[in-house]
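Line by line, the protein sequences are chains Y and S. Residue numbering for the first sequence follows my numbering, starting at 1 and increasing by one per position. Residue numbering for the second sequence follows my numbering, starting at 167 and increasing by one per position.
Hint data in this document are derived by calculation from the structure and do not stem from the laboratory. The model shown is predicted, which means the values in this text are computed figures rather than measured ones. Ideal Cβ positions, reconstructed from N, Cα and C, are used throughout, including at glycine. Fair warning: there could be bad hints in the mix.
Here are the simulated distance ranges between beta carbons [said to hold, decoys possible]:
1) Q267(S) to G37(Y): 33 to 39 Å
2) D47(Y) to R410(S): 40 to 46 Å
3) G204(S) to Y30(Y): 43 to 49 Å
4) G237(S) to K110(Y): 39 to 45 Å
5) G106(Y) to G281(S): 30 to 36 Å
6) C368(S) to L144(Y): 28 to 34 Å
7) S104(Y) to K274(S): 20 to 26 Å
8) E113(Y) to K327(S): 28 to 34 Å
Stretch by stretch, here's where chain Y covers chain S in the computed footprint (C-beta under 8 Å, at least three residues) [as the list claims (entries may be wrong)]:
9) 191-204
10) 208-222
11) 430-444
Once the Cα atoms are required to be at most 25 Å apart in a straight line, the calculated DSS-like pairs of lysine-lysine come out as [to be verified]:
12) K110(Y) to K411(S)
13) K190(S) to K444(S)
14) K383(S) to K327(S)
15) K444(S) to K411(S)
16) K407(S) to K110(Y)
17) K413(S) to K444(S)
18) K121(Y) to K413(S)
19) K442(S) to K413(S)
20) K442(S) to K407(S)
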Amino acid sequence: MKEKKRVRISHDFREQLGLVLEGDGVNYCYQCGACVGDCPTARFSEDFNPRTIMQSVLYGLKEEIASDTLPVWMCSNCFTCFDRCPQEVKPIEVIIALKNLMASEGIVPKGVEAAAAGILKTGRSAIVSNTTVRRREELGLPPLEELDAGELRTLLDADANGEGEK
Amino acid sequence: MKLAFFPGCMIQVRFPQMEAAVRKTAPALDVELIDLPGLGCCPDPVFFKSLHKLDWLTLAARNLAIAEQAGLDFVTICSGCTETLAEASHLLNDDADLRGQVNERLHKIGMEYNGGVATRHLITVLRDNLGFERLTASVTRPLTGLRVGVHYGCHLLKPRKIMQVDDPDHPTVFEDMLRAIGAEPVDHVERVICCGKSCRDCNLPEEMTLTVLRSLKTAEVDMMGVICPSCFDSFDIGQIKISRKHKLGYTIPPVYYFQLLALAQGLTPAEVGLDKHKIKSERLLTL
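Extracted from the complex, chain Y is given alone in its bound form:
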């Protein structure tokens, strides 16, 4: 006989998530599944389902959703669930809040942190190369302004590597 998994409901996790901007929207979720129908990620993968992610949050099943690979990082960030939800849960924003919470514990997929750190190093999300400079010249565009990324770091209390004091 298949062993039944016991669900231990934990409200702490939901409360913790509620402290992140728009992480508390999940409390209005009544599990209707409107977020699933037009979700492109759910269409292409059985491993991602916004309704079950909301359910896991409601139960406080942190270990099911807090990993650097699956499933929240599969989200396409398309905002369709934001538009579909009759309860204004904004599932995408709850998923982003989950990512924020995981990031504060150091759980981040490769590449994501580097992309964000680049912004605090140069002010831009893309690296200006010699090709960029040459191509802009050829197209008759003005040269790119040198940005004061130090100002951005001051704003966020981050150090020179773009690491924030969270």
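Go by the hints and put chain S onto chain Y.
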């Protein structure tokens, strides 16, 4: 019409041909693009936001504060920047406590944001403020007979309540803009699906991009019209990788709307960098 120009990092750095197309077509549309000093990354609505949403909001508020100081609204040309700045405005205008919290941080660098800046994509400005007639009036070489399959992408239209551009399920704005310059928009099944670029999973971006490409192939388009630099990336170099892997031989050129407008205004393909795309449209290059 005078607007603060927010070209965004990805366009400025990786796809400057898009910025060139906008700067070169704007004068004929009576749009004056004002370059404000000090604007940083919007910041990006996917990775940066996923690490720390309040930091994301704070950097967006800094950009908005710069425009507010100059007394101008933002005009954007990248869907991602449009989403970030519009959503940030929405959050800050909606919640005085949150605005106070963000302003406390902005005060550290001598700035403040009071909710006075609207952010609109250039196509929304064209439709609502200037009118598509102005697009048509600027055309000297209509793109007659050019079959363009539209790929809308997500962030131009969604979230609907915040973006207020068009119905995300049945949008028409892109097709209307194509008709305004003489091209023929071609309907296809996967017109509004995501390109998959933001999924952190090796298979999903490929599957979604491939789904769009198959849809366009079936519709027998000459090229695909895009409005977002991230989508462009998926369909330019991304298409080459996918097509090679699946031995499809797909070469559907992705073209940014304002590059098409530039050609319709009589500019040369090289002036808007069409010769620099990985998948080139021979038809456009020989115009």
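Checked hints:
no. : hint                           : result
1   : Q267(S) to G37(Y): 33 to 39 Å  : holds (36 Å)
2   : D47(Y) to R410(S): 40 to 46 Å  : violated (27 Å)
3   : G204(S) to Y30(Y): 43 to 49 Å  : holds (45 Å)
4   : G237(S) to K110(Y): 39 to 45 Å : holds (43 Å)
5   : G106(Y) to G281(S): 30 to 36 Å : holds (35 Å)
6   : C368(S) to L144(Y): 28 to 34 Å : holds (32 Å)
7   : S104(Y) to K274(S): 20 to 26 Å : holds (21 Å)
8   : E113(Y) to K327(S): 28 to 34 Å : holds (31 Å)
9   : 191-204                        : holds (count 3)
10  : 208-222                        : holds (count 13)
11  : 430-444                        : holds (count 4)
12  : K110(Y) to K411(S)             : holds (24 Å)
13  : K190(S) to K444(S)             : holds (22 Å)
14  : K383(S) to K327(S)             : violated (33 Å)
15  : K444(S) to K411(S)             : holds (16 Å)
16  : K407(S) to K110(Y)             : holds (21 Å)
17  : K413(S) to K444(S)             : holds (17 Å)
18  : K121(Y) to K413(S)             : violated (40 Å)
19  : K442(S) to K413(S)             : holds (24 Å)
20  : K442(S) to K407(S)             : holds (17 Å)
The structure shown violates the earlier hints numbered 2, 14, 18.
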